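*Asks:* Protein chains in written order, with the numbering used here: chain R, 1 to 475; chain W, 1 to 212; chain P, 1 to 304.
Treat the hints as calculated values from the structure; they're not laboratory data.
For clarity, every value in this text was computed on a predicted model and none was experimentally measured.
Be careful, since some hints might not be right.
To be verified - From the structure, some residues in chain W lie toward chain P, with a derived Cβ separation under 10 Å:
{"id": "1", "residue": "Leu10"}
{"id": "2", "residue": "Ile13"}
{"id": "3", "residue": "Gly21"}
{"id": "4", "residue": "Phe91"}
{"id": "5", "residue": "Ala109"}
{"id": "6", "residue": "Glu117"}
{"id": "7", "residue": "Gly121"}
{"id": "8", "residue": "Pro125"}
For every residue, glycine included, the Cβ atom is placed at its ideal position computed from N, Cα and C.
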Amino acid sequence: MLLLLILFPLAVALLALLLPWYQARSWLLPVSGGLHLCLAGICVAGSDYASSPWIGLDALSRLVLIVTSLLYAGCAVYAVGYLNLRRDRGNETIVPCLLVFLSAMTLAIAARHLGLLWMAVETTTLASAPLIYYNRNRLSIEATWKYLLLCSVGIALALLGILFIAYAALVGGDMPISLQLDTLLANASQLSRPWLHAGFVFLLVGFGTKMGLAPLHSWKPDAYGEAPGMVGALLAGGLTSVAFLAILRAVQLMTAAGDGAMARQALLGMGLLSLLLAAIFMVRQPDIKRLLAYSSVEHMGILAIGVGIGGLATFGAMLHLVNNALTKGCLFLSAGNIQRAYDSKRLSKVHGALATLPISGGVFLAGFLAITGSPPFGLFMSEFTILRGIFGNGQFWIGLLMILLLAMVFIGMGATVLTATQGEPVKLESAYKDSFLLVISPLLFLLMVLLLGVYLPEPLQRALREAAALLEVQP
Amino acid sequence: MMELINPLLLAVILINFYTLGSARLVACIRVVAIQGALLALLPLLSHGMTFHAMLLAAEAFCFKGVVIPWLLLRAIRRVRIRREMEPIVGFVPTLILGVLTTVGAFLFADLLPLAPEHHDGMFVPTALATMFSGFLLLITRRKAITQILGYLMLENGIFIFAVLLSAAMPVMVEAGILLDLLVGVFVMGIVVNQISREFSTINTERLTALKE
Amino acid sequence: MIIRLILHLALLLLFAPMLNGIIIKTKALFGGRIGAPLLQSYYDLARLWRKGFVFSRTTTWVFLAGPVVGLTVPLLASLLIPFGALPAPISFEGDLILFVYLFALSRFFTVASALDTGSSFEGMGAAREVTFSCLAEPTLLFVLLVLARLSDGLSLDTLLGSHLLTAWHSDAGASLGLILVCLFLVLLVENSRIPFDDPNTHLELTMIHEVMVLDHSGPALGMILYGAALKMMVMGALLVRLAFPWQTGWWLSDALMFLAGLAGLAVLIGVVESIMARLRLPRVPQVLVGTMLLSIFALVLVLR
């Protein structure tokens, strides 16, 4: 079943390469997205799929899988409308690439072997490069080059980290040398400590580059800014969650070896730095998509802080992962609509979006309120849980710093978003109109985030608790 | 067989130095190709003529020694560039830095808690030194091609370390490593072509429109 | 003792000009020509020696001191170094420093005599010579340090002793290979060979060593040429001993093997000169710095 989930997007990608009709090719995306969502639902609901040593699902990957699949399905519906607008650019490359990207992400989520995980994450980099290059102008070349180079170097370092962990097993003796996650976790106490620590640091740096934790985030504003809205949504909501999952695997390993405290401190430090840098760069940011990119850096920071604190905050971080992915989807898609309508994403041209495009502008504004953690949206709940975890842990100053930075983010982001949305309606030069396919996904995402804010369903709560528990396993 | 390993690793280090000190792109690509081909011998020398080692060697030779350099040479023939002009840090300073980091790698490797059978030998220091050299190239050069070469050297360094472990790693992962490397460079090559078409140069310093 | 000294000097004085002849012959063969006879260098020296001295009125005794010191220094230095398996006639702890700085002394006098003429070209050549040799000198010292580390002694005789044969097969073999390359490059620089300097160039602006001796003629020029030949042989002896550390035990076969090694070295230089172009002047320091770094690296390898 899981194998089918990974392989069928590849088959559809092949089909997309062969199909000669533009519309049909576009429609392949929502069809496969929906199918993927259904299959993922069955897999996640199923009892236990960790039978194979290579792929399998545990509580963490179930959570990430369902979120990613949901986000992908929404973006796929949006993609039909978007690709209709961009007939000049064609969809011969982007549709297969999107499908390969889906397959690679699923593989990365399901991988139970560090080598396989690494391969899958590397494949997501390669499959997403053409997506970022979709607009084929100077700026998108620059963004793609930075993305490829930085992420490739990051991924090379992650490989080195994996090798170090294998070497830790070799030096540690008394255990089978394998990169299979369960074997490693079972024998974690025998791993040679210095090599394990070095391996963790390299994994954190490598996958941290992919996830966009400061100070390795510099590709993020460029790539998200230049990529089409739905690609931005997939990168910011899906790929970052996958990279975070990869880091969590390393944290799991460190915790199993009894060195969880060190891993948590490293995560906490990088998280706080991300939050700080993102807050600084969000103030007076004149570009709405770059603003969203920095917001992504900020939320990656919050995730890292949550796991770094542990306990209740880990539960909060898991919830935050779900909320962040959905809200980012909503924001990037509506921002994409605004950019299409105004033919610009800079504040010099974009204003009065609420009056000009009531639905997209409204969703964008509401999404801003959601992402900055205003009640009653889900992010309020998750950020509140993380803060409760921090204060409950007695780390008063860290909590205070985080609240301060969140306030700064709210003000900085608010200035830009309000300038873009408020004001007199403008006469648009483009022929863009909000259509059903273009607004339904962001609306649904927003609705879900709203629901998560007022009511947390029992199965989801259980899944979150199980996922958090996986990270808390002490030897 | 084992006594050939040290001269081979020494040659790898010398190639690092040459690449750091040379301005001629064609020559740099060629020596990095030679480096890849030399590294392909490494699994054979250290693990003997097993099927696993031969497979790894064949893959490394094809990709690191032949295919990727060929792609890069084709790319620079198309954009007609010969030299790395005005690197961010000059050639002699990078060379000095490269030697210093190499020396540092040798001293540092003695402090590492290595497995007893790896304590002598030059595997670990050479791997570290090659990675450092790759990083130096990545940081100090402006041409996209040279940055790709730096990335290749980084991968070569990791490969040297991986050979120590190749008994522990199933073939599938190794195949993936090389394949990913190939595809990565291929994609980068396409991007380089696009850069040259748009900017009529492959200097990455022109890529500075996106900043705060 | 006396016999050894005489043998040593006889080998040096008789064979040195032959090296140049071999180099010229190799280059000619590479160029598809027959070339000058092997003994041409001897004829040239004899011809120059038969001429009279010509001195400019503006020069002083320094002008003559250059060639004289340039001839005597290699003679003295040769006494410190073993010729193949034949041990050095004079040997004491620390003579490797003397060996290096004897050549520095000769360079000082050559430069002084070039400056003594007051010609601007010669001043330029002197500046270049000093620059390049001060970049080559550390390499030579590091090379000798590597050898000293391997032999636990500080005299050239111990440094180049029979232990080299075992050292080549041990872990230090890599280092020895590196310093062999460094030493060869230093030899090319010190003896003004292509690719660093072209002894046959015709334009003063591009010359390095040759421009310094433009004003010397007759026996003075002969002394300079003979001194240069001796210098090449003495430095070549270091290289040859390092590359071929075998010994037979019988003095004649040892001497013949040494001479064969030198001839091989000369052929190698000839080949290098035939297949390489001269480096641009700004590249020369880069290459020399690279050589120095290589020798440092070799030292670190043996210190490890």
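*Asks:* Could you work out which earlier hints the structure fails to respect and list their numbers in ascending sequence?
*Replies:* 6
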